[in-house]
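*Asks:* Below, each chain spelled out in residue letters.
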Amino acid sequence: MKNFLFLIPFFLFLHPVLAQNKKHTLLLNTGTQNTWERDFAYSPLVYAGSNAGFTLGFSGEGHKKTDEVYIHYSRLPLQNQFNAEMSATHASIMTYTFYKWDWLPRQLNLGWSNNNALSLRNYQDSQNFNPRFDFHTSFGPAARFQTYFGKQQQWRFASQAHLQVIGFLFSASYITSPPDPFLHEQSTFNAFMQSISLFQPFRQHDLGMMNQLFYQLTNGNEIGIGYRWHYTSLENAHRSQRSGGHYFFQLNFQL
Amino acid sequence: MRQLRIINRFLLIFLATWTMSCEEIIAPKSPESSPRAVFEHLWQDVNNRYSFFEEKQIDWESVKQIYSPLIHENMEPDALFDVLGEMLAELEDGHVNLLSTFNRSRNWSWYENFPLFYDQQLIDDIYLRTDFRIVGPMHVQTVDNMLYVNYRSFERRISQANMDEIIRLMQFHEGLIIDVRSNGGGSLQNAHSIASRLIEQELTYARQRFKTGPGNTDFTPWANLRITPQSGEKYLGKVAVLTNRRSYSSTTFFAQMMKALPQARLFGDQTGGGGGIPVFAELPNGWTYRFSGSQTVDLDEVQLEFGVQVDQLLTHPSELMPGKDHFIEAAVSWLKSNP
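Residue numbers (this note's numbering), protein chains in the order written: chain A, 130 to 384; chain B, 6 to 344.
Just so you know, the hints here were simulated from the structure itself, not pulled from any lab data.
Accuracy of the hints is not assured; some may be wrong.
Unchecked claim - Stretch by stretch, here's where chain B covers chain A in the computed footprint (C-beta under 8 Å, at least three residues):
id, stretch
1, 154-167
2, 179-192
3, 217-225
4, 235-248
Claimed, not checked - Pairwise CB distance ranges, derived in the manner of DEER restraints:
id, chain 1, residue 1, chain 2, residue 2, range
5, B, L75, A, Q315, 43 to 49 Å
6, A, N257, B, D83, 51 to 57 Å
7, B, E81, A, N245, 36 to 42 Å
8, A, Q315, B, D136, 48 to 54 Å
9, A, R204, B, R111, 31 to 37 Å
10, B, L325, A, Q256, 36 to 42 Å
11, B, N221, A, L155, 28 to 34 Å
12, B, T222, A, R204, 36 to 42 Å
13, B, E29, A, T218, 19 to 25 Å
14, B, N221, A, Q236, 30 to 36 Å
15, B, D83, A, L157, 49 to 55 Å
16, B, N118, A, R204, 46 to 52 Å
17, B, I63, A, Q315, 30 to 36 Å
18, B, H331, A, T218, 51 to 57 Å
Said to hold, decoys possible - Here are some of the chain A residues that sit facing chain B, going by a computed Cβ distance under 10 Å:
id, residue
19, S172
20, Q370
21, F382
C-beta: ideal position from N, C-alpha, C; glycine also.
Generate the whole structure from the sequences, applying the supplied hints.
*Replies:* Put into structure tokens, the structure is as follows:
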């Protein structure tokens, strides 16, 4: 219990931040997503391709704290250099929490992020144990730089980045799609608990960055363009790697 | 002050532009695909994940010593393919293949040196004739008041409606003969579709385990393989199942299901095996390959990889019946003799 006492001042600090009035925004974006992916359980070759990616987001911005949630989905037909095909499905819920510290320049916010990401890989030439998958939940620091410009400060440029350092990983096994504990008789809960492994710093990697440029309309809504990049490398029974760049057009609606 | 702001914005735009296409900048290079690299990749992956080294007493390291000197950097793709195919053939496993755009290596020793005791022309002329029923993928005919079901490939789907019809037909027949000779396998689901209509209670028929690491003994714990009864009408009478050495993979699993069934009896020759589920993978030069990644044993701990033995072996030349299929005749006799 003593170990958790340090949380008390943290929550005391957090309360005024949570209690403040916030500006809420709904975010919608879509655009081309370029991706490459490699799963050493099946192939040392890189599969690459592009398709449309979609994101639904929500932002709550207060004087001291900003919360952002991005729900992203994309389904991509990827090919290797020999034209073998793989269907990749990516889904993620990414959250950012940024704090405005007095000791930092006004444009710079620091905070933390949480990524909950699923990757499914369906190889055309693999008849069994398909699709292979990874799911990870991870946490790490995040930073955001945001500046306004233009005669009426109607332009906004934001750049934010995250690096995940700790979390959990749930992924396909050495041979099969389901993790090994699901292959013998025991409760689903036990099998699930035994399948979870630690997202370890330096062994697993998840980092990303997002640049956005917005123009504010007279009604307070924003239109903009952006680029979101991520890189993930996970090692469990085998190593899998993927990276994607999403070029998007975005609408922000004030709620 | 104004100049500083302009410089700042210029730097920002530069940074934002520079960080675009990051995914392409960090994309890994293609792996080396020289004959040596391809050989090493294939040997190593099979070494790590193939599931029957101990059971087949294969020294994979010594196999490498034999085939590695045959690899040289300037060899043509078809020459490399032949060496790799021959190396994989050392595993004597029908679930091991190398696939390229120009060939597919294989080892069919599990049936090539054995008589198959299956003559399709004889079956068509004497037993199926021209008025047989086609129930989904099954050819069905009445033979001596028994229902004869000829099923050529487990790749062809059997629906519940197909099995409803088979069960309905059993009202008018004294026994059921399922002929899966020379059936090379396919989807295990089809085997379950048949077997689940022949039982009233859940039945454990085998146990299975999967590789979990590179060590020869790295496996999951054994897990029971079961058949669960389907809802709907069932046939619980006697079943004769005909197999031969070319009954492979899912057909071996089906034979084992039937062997575990008290009212079923296997006739003919043992199945060819194929008790390991094939894992698929890809080489740095784009060729694909597959190999067994699991083991399955019967209830007496015998590996299905080496085939399911029949209850009544009919391979002796003296048992042949000119102009007739002696497997079918033996099955009919058994079905008639013990009602």
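*Asks:* If a hint holds in the structure, say so; if it does not, say that too.
*Replies:* Hints and how they fare:
Check result for the stretch 154-167 of chain A against chain B: holds, 4 residues qualifying (beta carbon to beta carbon below 8 Å, three or more required). Counting residues of the stretch 179-192 of chain A whose CB lies closer than 8 Å to any CB of chain B gives 0, so the stated coverage by that chain is violated, three being the minimum. Under a criterion of three residues with beta carbons nearer than 8 Å to beta carbons of chain B, the stated coverage of the stretch 217-225 of chain A fails, only 0 such residues being counted. Only when three residues or more bring their CB closer than 8 Å to a CB of chain B does the claim for the stretch 235-248 of chain A stand; here the count is 0, and the claim is violated.
With their beta carbons about 47 Å apart, L75 (chain B) and Q315 (chain A) fall inside the hinted range of 43 to 49 Å. With their beta carbons about 28 Å apart, N257 (chain A) and D83 (chain B) fall outside the hinted range of 51 to 57 Å. Between E81 (chain B) and N245 (chain A) the C-beta distance comes to about 49 Å, which lies outside the given range of 36 to 42 Å. For the hinted restraint 48 to 54 Å between Q315 (chain A) and D136 (chain B), the CB-CB distance of approximately 52 Å keeps it satisfied.
Evaluation of the 31 to 37 Å hint for R204 (chain A) and R111 (chain B) yields a pass: the beta carbon distance comes to about 35 Å. In this structure the supplied range 36 to 42 Å holds for L325 (chain B) paired with Q256 (chain A), their Cβ-Cβ distance being about 38 Å. Between N221 (chain B) and L155 (chain A) the beta carbons are some 57 Å apart, a value that contradicts the proposed interval 28 to 34 Å. Taken as a hint, the range 36 to 42 Å holds for the pair T222 (chain B) and R204 (chain A), whose Cβ atoms sit roughly 40 Å apart.
For the hinted restraint 19 to 25 Å between E29 (chain B) and T218 (chain A), the CB-CB distance of approximately 21 Å keeps it satisfied. At about 60 Å, the CB distance of N221 (chain B) to Q236 (chain A) disagrees with the hint of 30 to 36 Å. Judged by the Cβ atoms, the range 49 to 55 Å given for D83 (chain B) and L157 (chain A) holds: they are separated by roughly 54 Å. At about 48 Å, the CB distance of N118 (chain B) to R204 (chain A) agrees with the hint of 46 to 52 Å.
Here the CB-CB span from I63 (chain B) to Q315 (chain A) is close to 32 Å, well matched to the stated 30 to 36 Å. For H331 (chain B) and T218 (chain A), the hinted distance range of 51 to 57 Å is satisfied, since their beta carbons lie about 53 Å from each other. The restraint placing S172 (chain A) at the interface with chain B holds, with a minimum CB-CB distance near 4 Å, inside the 10 Å limit. For Q370 (chain A), the shortest C-beta to C-beta distance to chain B is roughly 7 Å, which falls under 10 Å, so the interface hint holds.
Of the supplied interface hints, the one on F382 (chain A) is violated, with its beta-carbon coming no nearer than about 24 Å to a beta-carbon of chain B, more than 10 Å.
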